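K.L.:
For reference, the chains in residue letters:
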Amino acid sequence: MWHIAKRELSNNLNSLRFALATVLLLGLMLTNAIVHLREHPERVQRYRERVSGHQNHIAAHASNGLYDLAQEGPGNLYKKPSDLRFCAEGSETFMSDRAQAGYHRWSTGTLKSFWILAYPSATPNRDNVRPEVTKVDWGFIIGYVLSLVALLFTFDSISGERERGTLRLTLSNPIPRHTVLIGKFLGAFISVSIPFILAVLVNLLVISTSSGVHLDAEAWGRLGIIFFVAVLYTCLFLALGMLVSARVQRSAVSLVILLLVWVVFVVFMPSTLASIAGRSTSSGPTYDFSERSWKLHNELSSDYYSRHYKEPEGSTKRIEIDGAYVTKDAEQQEQLHEARLNRRIAEVHRARTITRISPVTIVQNLIESFAGTGFERHLQFLENVQTYVREFRTFIVDTDSADPESLHIFGVRTGMSQEPVSPEAVPKFEDTLNLSKDFNTAATELLLLTLFVLVLLSGAYLAFVRVEV
Amino acid sequence: MMTTLIGRELLNNLMTFRFAAALLITLLLVVANTVVLIKDYEQRLKDYNTSVQTHHQEIREKETYSAGEVEVDRPPNPLSIFNVGLDKRLGNEIWIAHNNVPTLWEARMNASDNPYLNILSSIDIVFIFKVVLSLMALLFAYDALAGEREQGTLRLVLTHPVRRGHILLAKYISAMLCLLVPLLLSLLLAMILLTTTASISLGTDDFLRIGGIVLTSIAYLSVFYLIGLFISAVTQRTGTALMLAMFVWGALVLVYPNLILATIRSSDIPEAKAVSAFNEIKQVWDEFDRERKHFLATDAFPGEDPTFNINGMGFFYEHFPENRLTLLYLYNSMMTFGELDEKFEEEVPHAQNYFQFLIPSTIKTAERAWLIRKQALEDTLVQKSNMKRTLLKFSPVGMYDAATQAWAGTDLKGVRDFFDAVRQYRQTVIDYFYNKNAFASRKWFAADEGAADWRTLPTFSFKRSSVEINANRALPDLLLLLTMSLLLFMIIFLVFIKSEV
Chain V
1 MWHIAKRELS NNLNSLRFAL ATVLLLGLML TNAIVHLREH PERVQRYRER
51 VSGHQNHIAA HASNGLYDLA QEGPGNLYKK PSDLRFCAEG SETFMSDRAQ
101 AGYHRWSTGT LKSFWILAYP SATPNRDNVR PEVTKVDWGF IIGYVLSLVA
151 LLFTFDSISG ERERGTLRLT LSNPIPRHTV LIGKFLGAFI SVSIPFILAV
201 LVNLLVISTS SGVHLDAEAW GRLGIIFFVA VLYTCLFLAL GMLVSARVQR
251 SAVSLVILLL VWVVFVVFMP STLASIAGRS TSSGPTYDFS ERSWKLHNEL
301 SSDYYSRHYK EPEGSTKRIE IDGAYVTKDA EQQEQLHEAR LNRRIAEVHR
351 ARTITRISPV TIVQNLIESF AGTGFERHLQ FLENVQTYVR EFRTFIVDTD
401 SADPESLHIF GVRTGMSQEP VSPEAVPKFE DTLNLSKDFN TAATELLLLT
451 LFVLVLLSGA YLAFVRVEV
Chain U
1 MMTTLIGREL LNNLMTFRFA AALLITLLLV VANTVVLIKD YEQRLKDYNT
51 SVQTHHQEIR EKETYSAGEV EVDRPPNPLS IFNVGLDKRL GNEIWIAHNN
101 VPTLWEARMN ASDNPYLNIL SSIDIVFIFK VVLSLMALLF AYDALAGERE
151 QGTLRLVLTH PVRRGHILLA KYISAMLCLL VPLLLSLLLA MILLTTTASI
201 SLGTDDFLRI GGIVLTSIAY LSVFYLIGLF ISAVTQRTGT ALMLAMFVWG
251 ALVLVYPNLI LATIRSSDIP EAKAVSAFNE IKQVWDEFDR ERKHFLATDA
301 FPGEDPTFNI NGMGFFYEHF PENRLTLLYL YNSMMTFGEL DEKFEEEVPH
351 AQNYFQFLIP STIKTAERAW LIRKQALEDT LVQKSNMKRT LLKFSPVGMY
401 DAATQAWAGT DLKGVRDFFD AVRQYRQTVI DYFYNKNAFA SRKWFAADEG
451 AADWRTLPTF SFKRSSVEIN ANRALPDLLL LLTMSLLLFM IIFLVFIKSE
501 V
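Those sequence lines, one after another, are chains V and U.
Under this note's numbering, the letters of the first sequence match residues 1 to 469, in that order.
Under this note's numbering, the letters of the second sequence match residues 1 to 501, in that order.
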């Protein structure tokens, strides 16, 4: 077996395709590293400034007392940029880097609306007239370029030998066919891996030696997983190449079939499926949302005004009505925002399930989840934000109930504790990434990819066993 | 002789597996995607119509002229099915007011969408052609010369009294004929789907534009076929030719466009030119503000209160919104009351007097600021993006994309036509206000003596530019593609006549 693998390897190493693949992958990976080094330190710097801005915001309002803090809210909460953004950043630009935990809507002479948690959407393309292109990240290099290279290395692995007659020669030796197949597979695998590993090493060398970017142990672990995914994905295309190569008489035909399969599955399938999925789930117009929001608010406020003036000015009852109005309004509006967010997320989930038929989408999703970017990561961020917001609200309630002089009526200045709040005691938001959660979300996709590989490998085996030489 | 050669080549090409496979795949992809794209277009058209109606309704409910911000919608372009360009990306809803000359950077999305769905990629017909046709052209070309040389048939052909140029020409013509079959057939199917859809009405101009897209596609096909032929002419073996062709394809179609733009730094920080322009614009408005305050201080009404103590059901605000990136700075103010109490009757003439001065002055200042802003936007944002477009054109894919966008009218110029029309419409609206003497009238800010009359407000309509203008914009890139074809053919000819068989 090793002989066959070695022979295959030495055949490939001297070929033109090996040289071209090496140049192509090296160039892409190097560009990727340089672009990352140029952009990432700025990104991290901006995030740090924003976090300290958030803390200053809290400190400023805490010194004004509990009502101010409870009314203003914690302000914008920012998503921590991933150190592995160079692996996958495709969809990161389409997702907002913040949650708005301090969204205000109205104020009257005496009352102010309480903050609610809102989810602004990133609209990166609205104001720019630049041409739009895919980002050169690992997801692109692995998903598109590496898969093409893998096909170009295997399309003639069996049909080519049959054409030249060397296959018959090999099989005349007392070697079982599966050994030949595995040997060939290994040879092709190693020859694709060499340029890829080389390119990855150069990429990581450039990134890790720079002072601006720091990769910790966990990041290296994640890179290891991403590399494993890339290997699995390469195997998929190698197996596909061998399968077609074994079934087809001539290598030219084999290549045409492979290229068309590649074009359909890798280039078109994700976009076509996405258009179908995106259209079928399109939600109602945005002004429906604002209309509903207005309606809810108007109903509540007309009810409030009818009750408010019945009570004498300054009475506890009146303060209670005021407080109930403000808190109920904030609660309703926040629920509305959350419902919209959940609907949007559900739509994307559906769309993403459909696009999973394409292996390139699977691999890009996987790389995204392990690199800590993309949609799953965004969901994690939103979850962190929601946890923090609960914590913040509990803090307000607890601080208020600790003050015996307070009326414990939220929503009105006079109803809440007047004691100064120590800024240190207020919970601060710090976004985190969690690897075990990533594993959970990625498991299905990983299994799906493995399944694809196994099916194609066994297909290639069956095709080769039955092949007539 | 020529016909015999072409006939032989045609037969050779048509009876191959690659031809059948390419035909099938192109047809399948184009038809499937056209159906999806038509549905998408219909959805956008529906959103547009709803939005137009809502805006029409909204403006007529406004009680005072000052509250009337006219909103204008950009209709979706039916040819975005062919090349979507900027049609879906840039804003399609814009407000028109006397205090700002609108640009595409103020436009919003009216829409209806889920912004998270942007993470999924989108597609159009030209994208399919861009990828599949180029790949097919290379697959048809790689063995055209190298294959015959390997088989020895080239030597056989050349023993006949045939010119080498004729052989090349015959190969080129027949391969192009073959490649045209999937292109034209799939377009035909797409056209059938388009014309049978009730919501899409294509005019003569649109058919001419689609004709332009077809022409450009043929030129694109020819360039890629000739690249393949060139590779085939310079290599000795088909295997080598194939590998080279595939990597050239990967480099031109897949890698180059993404790589070249990744290397260019795009930063959100405004450059020095933009900063100075912004300060200049701010100065213009500051001057306006000084004059305004001076007027308030010197008019017959004591104090500098811009509301003249008038109050009631309604609201007043004034502020200077700014956006340093898009160089937006303006004075935004509104005073509108439904009912006015009797006791304000004395102040009303003062307010009328003030608005009669203020609004024309705002309009004049907005025009002055626009002159600066227009140039600065052109120099910074537009020029930068145009430079990137030019860089993309070093690959035939970029040229093809640019030319088809220009034909479809979804390129930057095509979208900006709309905003030119919007600016003209703004002028009409302002003239309308002047004619009604709206600024000096009481109805500018109060509706107690009858609401503002919007019945005769001119409506906005936008017609896409004529096909000649589209052709003018597309022609440079189309000619570039054709020149490239010619050049490549000449080079191949030179290589081929000197090569040994």
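Calculated directly from the structure, the hints in this document are not laboratory data.
Heads up, some of the hints might be wrong.
[What the hints assert, rightly or not] Residues of chain U clear of chain V, computed beta-carbon distances all greater than 10 Å: (1) Leu5; (2) Asn114; (3) Asn118; (4) Leu193; (5) Ala300; (6) Thr307; (7) Glu347; (8) Leu392.
[Claimed, not checked] Below 25 Å or equal to it, Euclidean Cα-Cα: the simulated BS3-like pairs (lysine-lysine) are: (9) V:Lys135 / V:Lys80; (10) V:Lys112 / V:Lys310; (11) U:Lys374 / U:Lys282; (12) V:Lys80 / V:Lys437; (13) U:Lys364 / U:Lys436; (14) U:Lys62 / V:Lys295; (15) V:Lys135 / U:Lys364; (16) U:Lys413 / U:Lys343; (17) U:Lys282 / V:Lys135; (18) V:Lys135 / U:Lys388; (19) V:Lys428 / V:Lys80; (20) V:Lys328 / V:Lys317.
It should be emphasised that the depicted structure is a prediction, and the values quoted were computed from it without experimental measurement.
Where a beta carbon is used, it is the ideal one built from N, C-alpha and C, also for glycine.
K.L.:
It remains to establish, for every hint, whether it holds in the given structure.
P.N.:
Results of checking the hints against the structure:
no., hint, in the structure
1, Leu5, "22 Å, holds"
2, Asn114, "5 Å, violated"
3, Asn118, "4 Å, violated"
4, Leu193, "15 Å, holds"
5, Ala300, "31 Å, holds"
6, Thr307, "16 Å, holds"
7, Glu347, "22 Å, holds"
8, Leu392, "6 Å, violated"
9, V:Lys135 / V:Lys80, "20 Å, holds"
10, V:Lys112 / V:Lys310, "21 Å, holds"
11, U:Lys374 / U:Lys282, "14 Å, holds"
12, V:Lys80 / V:Lys437, "16 Å, holds"
13, U:Lys364 / U:Lys436, "19 Å, holds"
14, U:Lys62 / V:Lys295, "19 Å, holds"
15, V:Lys135 / U:Lys364, "44 Å, violated"
16, U:Lys413 / U:Lys343, "54 Å, violated"
17, U:Lys282 / V:Lys135, "36 Å, violated"
18, V:Lys135 / U:Lys388, "15 Å, holds"
19, V:Lys428 / V:Lys80, "14 Å, holds"
20, V:Lys328 / V:Lys317, "16 Å, holds"
In summary, the structure is inconsistent with hints 2, 3, 8, 15, 16, 17 from the numbered list given earlier, while agreeing with the others.
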